[in-house]
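Given next are the chains, with one letter for each unit.
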Amino acid sequence: MWRIGDEVEVRAQVRGQADEDLLGTVVIEDLDGIVQHLPPGDGANGPRSPMTQFLLQSAVSEMRKRLAQAPTPTLDQQDEPDRDAAVARVMSTLVGHEPFVTNTLGLSVHQMRRRWPVASDWYADLVRYVLRGTRSDIGDRIRSDEDKWLALDLGEFMSLAVTLRWSSYRHPELLGLAQTIRSLWPAYEPVIDATHDGEAGMARWGPFITHLLSQFGLRLRPGVSIGEILWSFDALASTEEQRARSRSESILFAEVSEAAPGGRDYPYPARAVMLILAGALVDEDGQPVPLDELYRRRAGSRPAQSS
Amino acid sequence: MPWQVGEQVEVAARVRGADHEIALGTVTVEDLTAVATNLSARDGANGPQAPMTQWILQRAAVHMSEHLGQAERDDEPIEQRVQRVLSAVVGHEPFVTNTLGLSVHNMRRRWPVAGDWYADLVRYVLRARHVALDTVSKEQVARLITLTIGEFIGEALATHKGRYGRDHLFDLAETLRALWPTYPPVQDAVARDEAAMMAAWGDIGLLAFAHFGLRLRPGVTLGEVFWGISAMVSAQERRLRTDQPSTLFDDVTEDSPGGPEMPYAARLAMIVFTGALEDLDGKGLTIEEMYARKPVAEGSPLAWLIPDADAGADTADTDDARADAGDG
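Going down the list, the protein sequences come from chains A and B.
The first sequence begins at 672 in the working numbering and counts up one residue at a time.
The second sequence begins at 843 in the working numbering and counts up one residue at a time.
Please note that the accuracy of each hint is not assured.
Among chain B residues calculated to face chain A with C-beta under 10 angstroms, some are [what the hints assert, rightly or not]:
#1 Ala-892
#2 Gly-933
#3 Thr-1063
#4 Leu-1064
#5 Glu-1066
#6 Gly-1070
#7 Pro-1099
Cut-off 20 angstroms, straight-line C-alpha distance, at most; resulting in silico cross-link-like pairs (DMTMM-like, lysine to aspartate or glutamate) [stated by the list, open to error]:
#8 B/Lys-1125 - A/Asp-954
#9 A/Lys-736 - A/Asp-755
#10 B/Lys-1136 - B/Glu-981
#11 B/Lys-1125 - B/Glu-1103
#12 B/Lys-1125 - A/Asp-755
#13 A/Lys-819 - A/Asp-808
#14 B/Lys-1125 - A/Asp-956
#15 B/Lys-1136 - B/Glu-993
#16 A/Lys-736 - B/Glu-935
#17 B/Lys-1136 - B/Asp-1121
#18 B/Lys-1136 - B/Glu-935
#19 B/Lys-1125 - A/Asp-963
#20 B/Lys-1136 - B/Asp-1123
#21 A/Lys-736 - A/Asp-713
Rather than coming from a laboratory, the hints here were simulated on the basis of the structure.
Every residue, glycine too, gets a C-beta built ideally from N, C-alpha and C.
Excised from the complex, chain B in its bound form (with noise of 0.2 angstroms):
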């Protein structure tokens, strides 16, 4: 029976226990012969364009959302739900009894409450994305600042991840705040990432550009930089979880600025750095000046993290020269 896509049908079958057919609701048919690819059989009742096919697949889509505590509804609150999920996954007091083979009360003198386990577990999960900046160690950072800025953006986004120094949480915590976007830890765990990025990075950020002979073009914050580049870096992270690089890079070549190796959130970096940037008399620089900036030959406000460059300073320079920085 031949179905028109874009044709709304309804769908009508024998429930067990019947005798006759019942409606059981509509579908707007869709073109899924690229989607329902495993199928029998490719056309007719039981192909992809059959509205009871398409039903299935619709219903079998709620139902998971619902099982996975992402769909919202007034008689059960986001904590609930949460609940839910994780004492079908981890679960509370049989976590430890059954799982682990321990006295129940090694929970109950923790967290007695279900409710409380399965927030401070979230929390501890999601932990995983607070970039531990004191891996980088001070020899690193002395060779990274007599870089250019395309050499520096390159490694430093290229090895971003290892610095959150917990690999093996970093794709539960991308579940987690995927599944739960407005349960509170996970509310709490973004608000708190963006604070600390910006405590780490606010002021190294701008001692960073100016190291470069660099500013902010007005009417820019850089807050917005960190967050664009922030953006990237994470899509650039979910990326390369599927192990496969992406097309749209294919016209990428040996001669583009940074080269081909060039990782996909630094790339965007520098351009956005091109367009957010400017030298210290206004004027902007092209994205092969931006790669081959390098850093500023006297009154560097990062000189200080330079060993030989620091030999006899004291705290006093190195205070005055972020206050310079910072004024700038």
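With the rest of the complex left out, here is chain A (with noise of 0.2 angstroms):
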């Protein structure tokens, strides 16, 4: 009835109409495995018909709409939309400003027109004060206690702080939060701000990560920067974050066996971590460290297995 990759015209009897008009057009596309509700085939009402197709094309315009989400625009378009005031509109219908302190908390108004008595003032705060939850301390725990970690090999190392850095949040329950305020709204001035706060914050990590790399008898292989080292290590644990919010496994790890290097249940990031370390660090003479040598790595000496 209906091909693949068809464009097809969608016409519809619009309410107080006595003819059909034109909606728009869809691309058929193959939704079997995704519209699971209703029966497969070919029927009018059924995934590969266009009109269902439109229905689910035309609700995702509106969410997009309704969360903000609307294309950036191009140079050229008149009457650009104000990113800010459309934020604010979300923000509005989820948060509030003055209403929120009356009908919400129950205060006086007062209490927030002697504060932020612009709304958008209010929102861009509320997204700053949310994302600061997800800045860690992992860096600080270590330095204060720089002697505990470097008794660890680096496979132990690696592990512990990836798995703290988790539980380093000062306000973990805001983790999905502030993860979704990102997503929606990545262009966004106090997001933007954020995202720099949290490389500037790394990247003044830089010299000490260098010095603990240094206590390993480590350093950074020529043409590899300790920056891009950080931004790995901060990729693959927020990614993981996202995944441990799912509270599912990852299929991809299904071959990792007992005799893996760290073991079947060394946490995912750290395992991706130390593969990019062997990829990144020479030891002292310049030479690679094989990825089990530098599991075992230990501060101070040198494994009997590298020369």
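Combine the two chains into a complex, taking the hints into account.
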């Protein structure tokens, strides 16, 4: 009836009209496995029907509009919509400004007016407040207890660092909300500021990380910068944090055996960080260190295997 | 009134209609001077350190989390929370009647139950991340496999997002994943994407390594290499959505392997390869060697993808080549 890839006009009778109107076009897709609550097949109400696909497509447009995720305007567009105003509109529905204090908290409106008389100022500060919750103090923890950390081998060190990062957020209860806000409005000024602040904060740890690596008799290969390593650590750990919130296992580690370096239960991001370190580091003689030796590497001494 | 950072303070105020102050809760005072930057007052009872200021922010964050269906509650399972939010954002029957102006039967004939409609809609959005391999033409593949591994990865990861084919859905898909990670349609989509990645790339990955005369080091599995690269590609995509470069790559210069134009995830993928791969004699490569690594001169398992190379080759040859690489 309809072939995948066909561009099809969708027509229907709009309420109040006698004739069918052209509603738009859809390019027919295979939605088997995606649309699970309709009887499969080519029927007029099935997943492949143009009207079905038009409803889904239109619902997505509506969601994006309501969540202020409509496309970023191009330079040549007139009447460029104000991104801050779009965010404020959503925040107004989610939290509100003066009505939040009066209706939700039951307080005098002056509690808000004395602090944030302008609604958009209130929303920007609230977003910054949520995003601050995911700053980690793992670096401080390691520095304040350096000797204990350096008693671990590098594999144990990295496993503990990754695991503790999850529990070292100042406000872990805000993690999900912070991830949502970052996903919703990545180009909103307070989100950009928080991203920059987070990266600047990581960059400040560069010299200390270099110092720790030197304690293990390791240094960066020529051509690799400490910033890249810090970025990857953050990228891997934050991806895993999102997965951890889903409370499901990744199938990509199914083949990791007990005999693998670190063993089967070694944390996913730590395993990936160790792969990166194996590629990024050399020993004091400029020689690469094989992965299994890297896991066993200890501070202040070289393992028997490295010559 | 001075408040010490770290101090636990009781917040009390007069609730509307009451004639005296009542205790609202407690806050542990934080330094919010760089967070609450838009306050009219920089100090004092209405400033960033004031307990009432901090309590209002704290309550607003909780309120927002509840409104978005993120706060876990025993009396409201995840399906109900999602339904509550999507009902406000899109709607079920009113979406068809009020937003689209159509007959309600257009919805009722398909999704008579609102929860079913929302679950299918979420799946529809999340399909944005299914990489469409079929958008890469045979000519593109034929050119890609003549490149060095550095050039190959640089190009493959720079254009990765374009191959999702549904760019306009990408931000929304990321948002739904962040919003409701325990909602079954979201969990299903994550598992489905991983399975699809292994199905699409699993064999090709090993063949591609063999194409460059490389293999996984002992103890390293293809899945974990994929996971690492996929995680960094996701992080790169999130980062690029801010439209600002990362300062953590400031030290990457023209002299760095790959140069400053190399995408973030591609730079790290090359580092991962340096750690995870070895040549067929079991010897590791330096990063420079890895970037410059060329396809093997003869016997590449991907030779059948090059139009000139497969002239005269039949299907059996192709299958043999794949089998050889898989065995290797």
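Cross-check of the supplied hints:
1. For B/Ala-892, the suggested interface contact is upheld, since its CB lies about 8 angstroms from the closest CB of chain A, less than 10 angstroms.
2. Taken as an interface hint, B/Gly-933 checks out: its beta carbon lies about 8 angstroms from the nearest beta carbon of chain A, inside 10 angstroms.
3. Interface restraint check: B/Thr-1063 against chain A, minimum CB-CB distance 4 angstroms, threshold 10 angstroms, status holds.
4. The restraint placing B/Leu-1064 at the interface with chain A holds, with a minimum CB-CB distance near 8 angstroms, inside the 10 angstroms limit.
5. The criterion of a C-beta within 10 angstroms of any C-beta in chain A is met by B/Glu-1066, whose closest approach is roughly 6 angstroms, and the hint holds.
6. Satisfaction of the interface hint for B/Gly-1070 is found here, the shortest Cβ-Cβ separation to chain A being roughly 3 angstroms, below the 10 angstroms cut-off.
7. At its closest, the beta carbon of B/Pro-1099 sits 5 angstroms from a beta carbon of chain A; the interface hint therefore holds under the 10 angstroms criterion.
8. Proposed proximity of B/Lys-1125 and A/Asp-954 is supported: the alpha carbons are some 17 angstroms apart, at most 20 angstroms.
9. For the hint pairing A/Lys-736 with A/Asp-755, the CA-to-CA distance comes to about 14 angstroms; that is within 20 angstroms, so the pair holds.
10. Restraint check for B/Lys-1136 and B/Glu-981: the C-alpha separation of about 19 angstroms stays at or below 20 angstroms, so the hint holds.
11. Of the pairs offered as hints, the one joining B/Lys-1125 and B/Glu-1103 is violated, with about 29 angstroms between alpha carbons and a cut-off of 20 angstroms exceeded.
12. In summary, the hint linking B/Lys-1125 to A/Asp-755 is not supported, as the alpha carbons are separated by about 55 angstroms, beyond the 20 angstroms threshold.
13. Taking the CA atoms of A/Lys-819 and A/Asp-808, the gap is about 17 angstroms. The hint holds against a cut of 20 angstroms.
14. About 17 angstroms separates the Cα atoms of B/Lys-1125 and A/Asp-956, which keeps this hinted pair within 20 angstroms; it holds.
15. A C-alpha spacing of about 10 angstroms is found between B/Lys-1136 and B/Glu-993, which places the hinted pair at or below 20 angstroms, so the restraint holds.
16. Restraint check: the Cα-Cα separation between A/Lys-736 and B/Glu-935 comes to about 19 angstroms, which is no more than 20 angstroms; the hinted pair holds.
17. Among the hinted pairs, B/Lys-1136 with B/Asp-1121 is consistent with the structure: their alpha-carbon atoms are about 12 angstroms apart, no more than 20 angstroms.
18. At roughly 58 angstroms between alpha-carbon atoms, B/Lys-1136 and B/Glu-935 are farther apart than 20 angstroms, so this suggested pair is violated.
19. Of the pairs offered as hints, the one joining B/Lys-1125 and A/Asp-963 holds, with about 15 angstroms between alpha carbons and a cut-off of 20 angstroms not exceeded.
20. For the given pair, B/Lys-1136 sits about 16 angstroms from B/Asp-1123 by alpha-carbon distance, which is consistent with the 20 angstroms threshold.
21. A hinted pair counts as satisfied when its Cα atoms are at most 20 angstroms apart, and A/Lys-736 with A/Asp-713 does not qualify at roughly 31 angstroms.
The structure shown violates the earlier hints numbered 11, 12, 18, 21.
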